[in-house]
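Asks: Residue strings, one per chain:
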Amino acid sequence: MSKCLNALAVLVALTGAVHATDRKLDIGRAATPAEIAGWDIDVRPDGQGLPSGKGSVKDGEQVYMMRCAACHGEFGESAGRWPQVAGGQGSLKSTDPVKTVGSYFAHLSTVIDYVRRAMPFGDAQSLANDEVYAVVAYMLFLNDIVDENFVLSKGTFAKVKMPNAGGFYDDDREDSEKAFWGTPCMTDCKANVRITGRARVIDVTPDDKARPRAD
Amino acid sequence: MDETPETRTTRRRLLTAAGAALATPAFAGNPKNLPPNVPDWTRQLGDGVAVRPYGQPSKHEAHVIRRDVQWLTASRESSVSFTPLHELDGIITPSGLCFERHHGGIAEIDPEDYRLIIHGLVEKPLIFTLADLKRFPRVNRIHFLECAANSGMEWRGAQLNGCQYTHGMVHCVEYTGVPLSVLLKEAGVKPNARWLLAEGADSAAMTRSIPLAKALDDCLVAYRMNGEMLRPEQGYPARLVVPGWEGNVWVKWLRRLKLGDEPWFAREETSKYTDLMESGKARQFTFVMDAKSVITSPSPQAPLHQKGFTVISGLAWSGRGKIRRVDVSLDGGRNWREATLDGLVLDKAVSRFYAETEWTGQEMLLQSRAIDETGYVQPTKDELRKIRGVSSIYHNNGIQTWLVKPDGEVENVEVS
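Chains A and B supply the protein sequences, listed in that same order. According to the numbering used here, the first sequence is numbered sequentially starting from 614. According to the numbering used here, the second sequence is numbered sequentially starting from 8.
Hints are supplied without guarantee of correctness; some may be wrong.
To be verified - Okay, the calculated bits of chain B under chain A, using three or more residues with CB under 8 Å as the criterion: (1) 43–49; (2) 67–76; (3) 134–141; (4) 226–234; (5) 312–320.
Said to hold, decoys possible - List of simulated lysine to any residue pairs, SDA-like, C-alpha gap at most 20 Å: (6) A/Lys706 - B/Lys131; (7) B/Lys288 - A/Lys803; (8) B/Lys66 - B/Ser82; (9) B/Lys412 - A/Ile815; (10) A/Lys774 - A/Trp695; (11) B/Lys279 - A/Trp695; (12) A/Lys803 - B/Leu372; (13) B/Lys393 - A/Glu790; (14) A/Lys667 - A/Leu740; (15) B/Lys221 - A/Leu740; (16) B/Lys288 - A/Lys637; (17) B/Lys288 - A/Pro710; (18) B/Lys197 - A/Asp653; (19) A/Lys637 - B/Thr387; (20) B/Lys131 - A/Glu787; (21) A/Lys706 - B/Gly287; (22) B/Lys412 - B/Glu345; (23) A/Lys706 - B/Thr387; (24) A/Lys791 - B/Glu365; (25) B/Lys279 - A/Pro776; (26) A/Lys667 - A/Ile758; (27) B/Lys279 - A/Ala719; (28) B/Lys197 - A/Gln661; (29) B/Lys329 - A/Gly795.
Because the hints were derived from the structure by calculation, they are not lab data. We treat Cβ as the ideally placed atom computed from N, Cα and C, and that holds for glycine.
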């Protein structure tokens, strides 16, 4: 009898252990609204998360020249190797596609969200909301998406039409690349093999002895 | 003939003088250390215990390091360094050699000041300390992490000479962490939640949207790698682990998880990490890493030094599951034979393969081809280009070709 009870006790203990993750463990504490508000900076395409405030193209030009132009170029053309933010429209099918706010970004929210969280590079989250709106308005102007009198805010956000809004589709590899599932050839898979390209010809591999390349 | 260092070096000199191309290992050592002599390390005491409280590799392995390609990016804070795959074996990448990809440099987070917030479409928004995370039930999982841009420089042709540069944005370690499903259960996910936003605490505040189904399936919030705490470069003190999916969604320095009913279309899932096709339209949310493999030895940074018995070695992995088989070709893909998978073959982890051959100094065009448990066969680069063009940057899993020359040197080439 006592053996049976012991066995039962063991069974209960084991069952308890197995199901430990099926219940709440009461670890951590409730996050306060103030804690959440300080970090909750994301903005969605439907406008959810847009901050209050507004910014004009004119004000944006000032902010852009002081905080952005050194890397992105005075007209958004890029200085050096930093991302180009303007131009490139019509280039996506070419052999040298240029992806900018005007040519590639499908959603205005993406630009606002990114500038707000990560720009200027090296001084992230230093812009006031009005400055974020203004500098994004200016980049829209640089891309001929809005005119010089435009003021960006929660109220005007939905009126902006991004040129490449219809430029994306969800991952379709399991259909479009269905041919990659199958039984591979093992012998005499091709008549001859010819070398068609060599890395050595391009010669861009870093060398431990070489000095860093200036670009 | 007795093989003494003297005769070896002399023979090497003779061979070189005679113009023989094959490089034999140059003897750069000290003959006094070789038998019948007794070297100093046998005669004298070495360092005692705790002289090296956190052990480092031998000083003779100083060349085994991550390397970057400076012309690739505008700054080192938003850049990448590559794993020296040609120097490694087995399936586990040493923590300090795991490739780095940062978008705003390495965040140096005091573990006392670390916080993770879960909010949005949940019953109860929660905030956790690192100590809280460590109290939860935990699991250990070995997974590969591959940057979606791995091999991205090779779309338009063979460019970089070395698998460190062509394939070095992949690593594989053991993670310890809390299943994300356990943390989400603690907060109580509302029925209309479909997506999860993961956000980093670095100066890029990196964000990605992840379908809730994946988050509940096999994702972890990990705080350890290979037993030790995460390295700062890998997201110390906590990162997301998203098995089989592109590295960019494995958000490092994880500070916030937000539940929502739609994706966020953050910069890293729209302007970056989308795959531009020849049509001018781009694929988005291409999360899964297709099956891929590469021969790590011989390779351009690991040339052949000896004729005779040779082990060809490499890595294979798939974001869809386990590796079922790896084939190796010595003639540029005309004929194939099955390689041996050695050691653990795990779900969404790298597998190590070997193929033995007798190298007589003939030219070889080495290739490897991975096949995963779903039956996906790693395609050639040209097969990929036919569908995707050459501008998609990401997800280049095409078959790699190494040209082994009669002198044992190896070059990155492409073949018809």
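Asks: Hint by hint, note whether the structure agrees.
Replies: So, going through the hints one by one against the coordinates:
no. : hint                : in the structure
1   : 43–49               : violated (count 0)
2   : 67–76               : holds (count 4)
3   : 134–141             : holds (count 4)
4   : 226–234             : violated (count 0)
5   : 312–320             : violated (count 0)
6   : A/Lys706 - B/Lys131 : 47 Å, violated
7   : B/Lys288 - A/Lys803 : 33 Å, violated
8   : B/Lys66 - B/Ser82   : 30 Å, violated
9   : B/Lys412 - A/Ile815 : 18 Å, holds
10  : A/Lys774 - A/Trp695 : 25 Å, violated
11  : B/Lys279 - A/Trp695 : 14 Å, holds
12  : A/Lys803 - B/Leu372 : 14 Å, holds
13  : B/Lys393 - A/Glu790 : 10 Å, holds
14  : A/Lys667 - A/Leu740 : 13 Å, holds
15  : B/Lys221 - A/Leu740 : 35 Å, violated
16  : B/Lys288 - A/Lys637 : 45 Å, violated
17  : B/Lys288 - A/Pro710 : 11 Å, holds
18  : B/Lys197 - A/Asp653 : 18 Å, holds
19  : A/Lys637 - B/Thr387 : 49 Å, violated
20  : B/Lys131 - A/Glu787 : 38 Å, violated
21  : A/Lys706 - B/Gly287 : 4 Å, holds
22  : B/Lys412 - B/Glu345 : 23 Å, violated
23  : A/Lys706 - B/Thr387 : 23 Å, violated
24  : A/Lys791 - B/Glu365 : 37 Å, violated
25  : B/Lys279 - A/Pro776 : 17 Å, holds
26  : A/Lys667 - A/Ile758 : 17 Å, holds
27  : B/Lys279 - A/Ala719 : 12 Å, holds
28  : B/Lys197 - A/Gln661 : 18 Å, holds
29  : B/Lys329 - A/Gly795 : 16 Å, holds
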